[in-house]
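Read top to bottom, the protein sequences are chains R, A, Y, B, V, U, S, C, D and H. Throughout the first sequence, residue numbering follows our numbering, covering -2 to 116 in sequence. Throughout the second sequence, residue numbering follows our numbering, covering -2 to 116 in sequence. Throughout the third sequence, residue numbering follows our numbering, covering -2 to 116 in sequence. Throughout the fourth sequence, residue numbering follows our numbering, covering -2 to 116 in sequence. Throughout the fifth sequence, residue numbering follows our numbering, covering -2 to 116 in sequence. Throughout the sixth sequence, residue numbering follows our numbering, covering -2 to 116 in sequence. Throughout the seventh sequence, residue numbering follows our numbering, covering -2 to 116 in sequence. Throughout the eighth sequence, residue numbering follows our numbering, covering -2 to 116 in sequence. Throughout the ninth sequence, residue numbering follows our numbering, covering -2 to 116 in sequence. Throughout the tenth sequence, residue numbering follows our numbering, covering -2 to 116 in sequence.
Treat the hints with caution; some may be incorrect.
Cross-link-like lysine-lysine pairs, in silico, DSS-like; alpha carbons within 25 Å at most [what the hints assert, rightly or not]: (1) C:92 <-> C:9; (2) V:109 <-> V:63; (3) H:54 <-> D:88; (4) D:60 <-> B:109; (5) C:92 <-> H:109; (6) D:63 <-> D:9.
To be clear, the hints were calculated from the coordinates, so they are not data collected in a lab. From a predicted model like this one, the values you see are computed outputs, not experimental measurements.
Number of protein chains: 10
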Amino acid sequence: MKYGEKNISRAKLQRWANPTPDRDYTIEISFPEFTCLCPRSGYPDFATIKINYIPDKYIVELKSLKLYLNNFRDQHISHESVTNCVFDDLKKFLKPRSLEVIGDFNPRGNVKTVIRVST
Amino acid sequence: MKYGEKNISRAKLQRWANPTPDRDYTIEISFPEFTCLCPRSGYPDFATIKINYIPDKYIVELKSLKLYLNNFRDQHISHESVTNCVFDDLKKFLKPRSLEVIGDFNPRGNVKTVIRVST
Amino acid sequence: MKYGEKNISRAKLQRWANPTPDRDYTIEISFPEFTCLCPRSGYPDFATIKINYIPDKYIVELKSLKLYLNNFRDQHISHESVTNCVFDDLKKFLKPRSLEVIGDFNPRGNVKTVIRVST
Amino acid sequence: MKYGEKNISRAKLQRWANPTPDRDYTIEISFPEFTCLCPRSGYPDFATIKINYIPDKYIVELKSLKLYLNNFRDQHISHESVTNCVFDDLKKFLKPRSLEVIGDFNPRGNVKTVIRVST
Amino acid sequence: MKYGEKNISRAKLQRWANPTPDRDYTIEISFPEFTCLCPRSGYPDFATIKINYIPDKYIVELKSLKLYLNNFRDQHISHESVTNCVFDDLKKFLKPRSLEVIGDFNPRGNVKTVIRVST
Amino acid sequence: MKYGEKNISRAKLQRWANPTPDRDYTIEISFPEFTCLCPRSGYPDFATIKINYIPDKYIVELKSLKLYLNNFRDQHISHESVTNCVFDDLKKFLKPRSLEVIGDFNPRGNVKTVIRVST
Amino acid sequence: MKYGEKNISRAKLQRWANPTPDRDYTIEISFPEFTCLCPRSGYPDFATIKINYIPDKYIVELKSLKLYLNNFRDQHISHESVTNCVFDDLKKFLKPRSLEVIGDFNPRGNVKTVIRVST
Amino acid sequence: MKYGEKNISRAKLQRWANPTPDRDYTIEISFPEFTCLCPRSGYPDFATIKINYIPDKYIVELKSLKLYLNNFRDQHISHESVTNCVFDDLKKFLKPRSLEVIGDFNPRGNVKTVIRVST
Amino acid sequence: MKYGEKNISRAKLQRWANPTPDRDYTIEISFPEFTCLCPRSGYPDFATIKINYIPDKYIVELKSLKLYLNNFRDQHISHESVTNCVFDDLKKFLKPRSLEVIGDFNPRGNVKTVIRVST
Amino acid sequence: MKYGEKNISRAKLQRWANPTPDRDYTIEISFPEFTCLCPRSGYPDFATIKINYIPDKYIVELKSLKLYLNNFRDQHISHESVTNCVFDDLKKFLKPRSLEVIGDFNPRGNVKTVIRVST
Chain R
-2 MKYGEKNISR AKLQRWANPT PDRDYTIEIS FPEFTCLCPR SGYPDFATIK
48 INYIPDKYIV ELKSLKLYLN NFRDQHISHE SVTNCVFDDL KKFLKPRSLE
98 VIGDFNPRGN VKTVIRVST
Chain A
-2 MKYGEKNISR AKLQRWANPT PDRDYTIEIS FPEFTCLCPR SGYPDFATIK
48 INYIPDKYIV ELKSLKLYLN NFRDQHISHE SVTNCVFDDL KKFLKPRSLE
98 VIGDFNPRGN VKTVIRVST
Chain Y
-2 MKYGEKNISR AKLQRWANPT PDRDYTIEIS FPEFTCLCPR SGYPDFATIK
48 INYIPDKYIV ELKSLKLYLN NFRDQHISHE SVTNCVFDDL KKFLKPRSLE
98 VIGDFNPRGN VKTVIRVST
Chain B
-2 MKYGEKNISR AKLQRWANPT PDRDYTIEIS FPEFTCLCPR SGYPDFATIK
48 INYIPDKYIV ELKSLKLYLN NFRDQHISHE SVTNCVFDDL KKFLKPRSLE
98 VIGDFNPRGN VKTVIRVST
Chain V
-2 MKYGEKNISR AKLQRWANPT PDRDYTIEIS FPEFTCLCPR SGYPDFATIK
48 INYIPDKYIV ELKSLKLYLN NFRDQHISHE SVTNCVFDDL KKFLKPRSLE
98 VIGDFNPRGN VKTVIRVST
Chain U
-2 MKYGEKNISR AKLQRWANPT PDRDYTIEIS FPEFTCLCPR SGYPDFATIK
48 INYIPDKYIV ELKSLKLYLN NFRDQHISHE SVTNCVFDDL KKFLKPRSLE
98 VIGDFNPRGN VKTVIRVST
Chain S
-2 MKYGEKNISR AKLQRWANPT PDRDYTIEIS FPEFTCLCPR SGYPDFATIK
48 INYIPDKYIV ELKSLKLYLN NFRDQHISHE SVTNCVFDDL KKFLKPRSLE
98 VIGDFNPRGN VKTVIRVST
Chain C
-2 MKYGEKNISR AKLQRWANPT PDRDYTIEIS FPEFTCLCPR SGYPDFATIK
48 INYIPDKYIV ELKSLKLYLN NFRDQHISHE SVTNCVFDDL KKFLKPRSLE
98 VIGDFNPRGN VKTVIRVST
Chain D
-2 MKYGEKNISR AKLQRWANPT PDRDYTIEIS FPEFTCLCPR SGYPDFATIK
48 INYIPDKYIV ELKSLKLYLN NFRDQHISHE SVTNCVFDDL KKFLKPRSLE
98 VIGDFNPRGN VKTVIRVST
Chain H
-2 MKYGEKNISR AKLQRWANPT PDRDYTIEIS FPEFTCLCPR SGYPDFATIK
48 INYIPDKYIV ELKSLKLYLN NFRDQHISHE SVTNCVFDDL KKFLKPRSLE
98 VIGDFNPRGN VKTVIRVST
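The task is simple: from the sequences and hints, build the whole structure.
Structure (structure tokens):
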């Protein structure tokens, strides 16, 4: 329970074979409709989640990624934890050559926060 | 059939002599009206294709490039494959000193994806 | 009285344990509603305060940060001093691996000023 | 006839003494109303020409530069050639410490092209 | 009379002690309402003057800077000269650890010019 | 069950006395973080809800409005129904002199929809 | 064959009951990924189709609308005809209280065209 | 104590003679740095105050207007009350031919509010 | 020689049958690459020409319109005259139900001009 | 001395014959580089002056208009007076069918002002 969350069954990410594993190239994904719940106030938080990676053997299947991210909708989790959690899950699942995950959150109490995690 | 597509007769790219082959300079091309078909859903995908290169002996003729890109209109091909495919075709045909191809796709299922391939 | 201010009791900053101290990642905070008073004219000054840091053991609690910044509302303090003061307070309190504080002030007398302090 | 053009009498560029030749500094010029004729179709082409340089002994006189660029109005010349041509003329005439010329052309057939030439 | 101007009594710049001379930090100033007169045509020129520096012992007092810049209103001086002149005056007066002055001028005869001088 | 929803206990809206009921004036409210669930696909929908009204005896208390709107987070309800539902609830509760409710929804399947209901 | 097209089987539009037929309100739909073929050159055309209406008994089902619009992908049809055709089809199918259809086409040959049809 | 405030001595507005009282013309004023205190939470509120009027005998002196608006900095007053209060004060003091006052407040709790009062 | 020009053979406009003459609808055309010559200075002028009309029996063929507008490239004609001239030619040729022609010219001598002619 | 100014010899406006006096059409002029002096502080003021009119017998010659507006550079005159003064001068000189003059001034003391005068 590293991220302070009770154990949840997350939507299963799916992966495909990288069509050109012999070449380094980058895939940049942006998901502007991320929402979860603040672990203190219980109010909704909103963010854009950005994922940039150089694939090795696998590329992530986009619909499963969307469902995986939608699954945080009812979780109480902090800005820092959710960004690190997505990073950990993708790193373990895709084993990419490089990976960056950015959580770009809407302001709360007039304070805007962006979290960046990268290899 | 490297990119999972059946063999298709693509519009022929054409090339011209580089007017100043003795000098390194860059040519940046942007084509905002690219469309192909999603290999899973069959629905149309839309993208801007960007091509940046330093020519060696040849420069690409722009009208033939447009027709070449229009030719993907009826192909079922993934974001990753089409970007790598354009990269391969241009690299083989122009033998440029450097080359970058970017597929900047419109969101699908609220997920936006950008693919970058470069030498 | 380093910043030319009389001793004031500032709202107490609060800190939390960093959930992933084993990894370098950045936290970017932006607070667009900062106001203090010009030490010469006495007129209000307005700024966006931006704070970017790589946490070590601690992360700042956002509501306490907001109250800390609101506390400058009635202080007479220059652009340069307030930016350096926030930098000093956060550096001492969070002991982050790196820290940048930016004071992006609204124009005064048609002159716009931005102050950047970083480790 | 390096750029595939018949010999033309171009408006004479003029130059001034650099007021501070003892110091490296950059001059960035942008001319958004460049037009010439396409060597294939004969149709007008439009571009913004950008010139960035570090002067040595001379700086270009701006009105003569404008007249020099206006002089391409009736010439049939390709995107690549005209950008390289302006680069060659300015390099020979100003002998600058560094020089970059950019031809940022309006789309033709939905394809946008930017040519960058630099020392 | 280095900048081709007759000797003028310029508004006196004023300086203050740097509140944190033990630390490198940057001050970025932007003044969008600069105007002087073209030395050829006599017509008004307009520019934004940007000043970025790392202070050493002194910081510039902003109102005196504004009055200093307003003082060019009636001077006939070229784009290149005025930018170098402001650079020289500030360098001599503030002895900063680094300094950059940018003159970003409005178009004249459809030609836009930006002058950048830095240490 | 007019809007095809099972009966739900909605967060209670609260109202205050209008401080100037003798004068017609407008209050425009915008809430950019509305989310509910699509009644067909079950996927999340996102919208900005805008409320413009001329108050009579009451003005809506903003925090209770936010909680009321947050309460749709787990409801399956169409674009058209939710906009009409908010309109009905506010009309009954505030009895305003005029009222407009706009549901400005994010694209779904590349189709963007805006619903406008007014007296 | 009013619009100069051979008879085609179009994707079937679907409609739902309007949840509040007792009230006039507007539905504004925007579809930025429309493409068809130019009847003269055979080259692809691209447009954003906008549909604004006040429903009577029916509202259009959005997924069927998207499939209906996607169906023009392989048709040769002019800007003017396609906009009027969508207007006719929606008017007949929805019998709305009012209807406006706008075809906002990307430039062709540097000429941009917008067609507006309304009741 | 119409607006629920204890009696305060406001900075004195000043007025000048209208230079062309024989003609209807409009004066539009925008003050983007308004701040007061929320009567419930005590936290700062921020707004842009806009004033549009057709003068009769008087025009408002701008510096006195700025000081008058700065005077709300320490008052606890609601969005609705402060906008109506500025309207009342200006109407009584300037007796303009027409008057509109807009309070365009920054979001609070993710809810943005704009208040418009006009004759 | 109404517009002060010597008689010139203009590219021939072409027209097509309006596909829905039974209905009023508008066609809005924008051509951002218009250029002609200033009748005083002889220097090039640049403009966007906008044409909005309700067709009666005819719609203008777009390529012929482009060639017609390109034909002004070598004519010396004022802002006011060229806008009225295009209006006259289109009115006579298309006999539209309504017509508006706008000449939106780039600044000359820092003065920007827009000419609007309509029925 | 209606506008509180000492008598000054203004640059002479010039006018031309309207090429199409038989038709109502509008001419919109925008001059973004207006500057004069504040009658109280003596500091420079900056504005964009916009002039919209329907000509009768005359149209204003643009270079003379620019010189006329440049002539305010050394005058001490208020926002309200200068806008009304330009209106009066143009109305008397051009006798247009309608006229609007807008003085859109840069902020002073954080207060932005726009003056609109029209027939």
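Each hint tested on the structure:
no., hint, result
1, C:92 <-> C:9, "holds (16 Å)"
2, V:109 <-> V:63, "holds (24 Å)"
3, H:54 <-> D:88, "holds (23 Å)"
4, D:60 <-> B:109, "holds (20 Å)"
5, C:92 <-> H:109, "holds (21 Å)"
6, D:63 <-> D:9, "holds (10 Å)"
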